[in-house]
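Residue numbers (the numbering used here), protein chains in the order written: chain A, 57 to 369; chain B, 3 to 340.
Bear in mind the hints are in silico, worked out from the structure with no lab data behind them. Hints are supplied without guarantee of correctness; some may be wrong.
What the hints assert, rightly or not - Covered stretches of chain A (in silico footprint by chain B; criterion: 3 or more residues with CB under 8 angstroms from a CB of chain B, positions within the stretch not fixed): (1) 81–89; (2) 108–121; (3) 191–198; (4) 338–351.
Using N, Cα and C, we set each Cβ at its ideal position, and we do this for glycine too.
Given next are the chains, with one letter for each unit.
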Amino acid sequence: MLAYAIRRLAYGFLVVLGVLGLLFVLFFLYAKPIDIARRAVGEKAPSAVLQTWIAQHGYDRPWPEQLRDHYWRMLSFDFGRSDIDDVPISRRLSEGAGPSLSFTVPAFVIELLLGVGLALFVAYFRDTYIDRMGVILAVLSMSVSILLVIIAGQYVFGKLLNWFPISGFDPDPALLPRFIAMPVLIFALAGIGGEIRFNRTLFVEETSRDYVRTARAKGAGDGRVMVRHVLRNALIPILTHVVTAIPFLFTGSLLIESFFGIPGLGAVTVDAIQSSDFSTLRVMVYIGALLFIVFQIVTDFTYTLADPRVRLE
Amino acid sequence: MEAHVVSNAVVAGLVAGALYTATRVRKSRFWSESFRELGRRRPVALAAIAFYVALGLADSVAWLDSGAQGIAAHRPRSLVDRLFPAEFQERSYSAPLAFEEFYGGAGLRFPGQHWLGTDILGRDVLHMALKGARVALLLGGLTSLIVIPLALLFGMSAGYFGGRIDDAVFFAISTLSSIPSLLLLIALIVALGRGPLQVCFAMGVTGWVSFSRVIRGETLKLRELDYVAAARALGASESRILLRHILPNVMHLVVITFVLLFSGMVLTEAILAFLGIGLDGSWGQMIDQARDELARDPIIYWNLTAASVALFGLILAVNLVGDAIRDILDPRTVRENV
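For reference, chain A alone in the conformation it holds in the complex:
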C-alpha cells in the first residue's frame, strides 16, 4: 500500500513535469517574444520599446535559463505578474476562485443528485416507455450546444419573464442567490443528459448480476434493491466521474462566467485568451492540470473506501 502510494505520487509528479514541459514548448519555444511584446505593448510600438519590454519580462534570456526559471517558478507557485497589465497572477487566482466556486459548487451538487436520482429512476423502469423517453431526452439534451442554452436561458428567464437579472454578480449573501440562480441551473443542466445516460447504463448492467437476483429471492423490494445493492455496486465508476469533475469547479465555466458577468477564474481565462496574455494563460492551464492530477490520485485511493475488494499494489 505504501509502496503503491509512493509510486502513484511519483508518477503524478512526473506528469506534472510533463505538462510544464509542454507549456514551455508552446509558450516559450514556439511563441516568438516579439509577437508577445507586440500584443502586450501595441501593434505599432517602436522596436526599441518592444526590446525593452522583452528584456524586462525576461523573454530575451537563453532558453535553458528560461526553462529552469519556468519550472522553478511554477513548482513553487510563484506565478509572477501578467504580461499585459502587470497584475500579480496569484491575486487574480485568489480573487477569482470565490465567485467561480459560489456557482459551480451548488450546480455540481444539483447535477450529481439529479444525475444519480433520475438515472436510478429510469433504470428502475428499464425497458418500458419511461426508460425509452428518458434516454431519448438525455440524447436530445446532449445534442444542444451550450451556447444556445445560455443565450435562450438569458432571453427567456432574464428578458421575457424577468425572473432573474440577465447578468451581474454580487458577493453579498442577500443578493448572491438572485445572481447565481441562472448560472447554477445552466451549469447543472448542461451536463446532466450525459450524466443520466452514463449512470443508467451502469445501473442497468448491475441489475443483471447474480447478487441482485439473490437479494430479490431473499425478499428485498425493488426500491431497496436499487438503492442498497445496485447503487452501492455502481459507485466506483460514478466516483471516478465525480472526482475528475471537481477541478472544473475551480476553473469554472468559461462560457457561463463571461455571459453572466461573474468575475471568476473562467472569466480570467477568457480575458487572457482575448488579450493573448500568455503568462496568465499558462498558469491557468497549469492549475487546471495540477488539480486534475491531484484529484485523480485521490480517486485511486478512494476506490479502496468504496470497494474493499480493490487492493492497491
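Given chain A's structure and the hints, the job is docking chain B onto it.
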C-alpha cells in the same frame, strides 16, 4: 496551387476512399451485416448524416466562371453557392421572405428570395447555414481521418510491444489527458497562433489522446489471446501479426470512438467560436454573432435559429447513430475507455 483545386482533389480522394471502403465492407460479413443492422435501426438519422455529408462535399467542389468579370473572376463558386444567385447579398438585416430591409424599410435587391432572412452584413442565412456543414465535416471528419492512422500506429505499437515504447506513449497520453481538454485546446490554438490549421491541429491532439488510449487498451488485451499466440507460433512476423490479426480486431473501436468524438468536436468548436478562436463560417460562429440579436427590439431570431437547428440536427443524428453503432459493434469495452 489554388485552394479550390486542392479542395476538389480532396473530394475526389474522399469519394474514392469511400467507394473502396464500401467494397471492403461488402466483402466482410461482419461489417456488411453490422451496416445493414444500423440501417434497420436508424434509417432517418443515417439519411440525415448522408444529407449533411453530401452538402459538405457539394460545397467543396468549386470552379471559376470563365465569363465572370472583376473580383468574381477570381472567386470560385461551389456547387452550393450555385444554388443561389451571384452576389446574393443585401445591405443589412432582412427578415425571412421579406420584401424590404428590416430596419428602415428600403427595398431589397432580392425581394422575397431570402427564405431565412439575412444577417447584419446582409448575407443570406440559409446559404451560410448550408455552408456550415462543410466546416463541421472538415473539422470533425478530416481531422479524425488524419489522426486515426497516427493513433493506430502509436496505440497498437505501445500495446503490442510494451516496454519503453509503451512507457513513452502512455506518458504522452497521461500528460495530455491530465490537462482539461478545453484548456488544452485553448493553449494549443493561442500559442501556435490562431487560425483554421491550428484549430484542426489542436482538435487532432485531443482526438489522438482518446483514440490511442482506446486502441492501446484493446491491443493489450488482444496480444494475450490464443490466435495471436498461434500466429506467432506459426512464424508470422510482428508486422504481419499487427496488420492482419490486431488491426482488424480494433477497427470496430476506431469506428465507435470516431463517432463519439465527432459530435464532441463540433460542439466544442462552438465554444471556441464564442472565445473568438473558432473556424470561419462555422455554425458556432453564426451563433456567436447572433448572441446579441435577441436583445434587439424587435428581436432578430432567424440567424440564431437557423445555425442552432443545423448544428442540432447533425449532432443529434451522429449521437443516435453513434449509440446504435456502439450497441451493434461492441456493447461493453468502449464505455469503460472513452
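Each hint, compared with the structure:
{"no.": "1", "hint": "81–89", "in the structure": "holds (count 4)"}
{"no.": "2", "hint": "108–121", "in the structure": "violated (count 0)"}
{"no.": "3", "hint": "191–198", "in the structure": "holds (count 3)"}
{"no.": "4", "hint": "338–351", "in the structure": "holds (count 7)"}
Of the hints listed earlier, the one the structure fails to meet is number 2.
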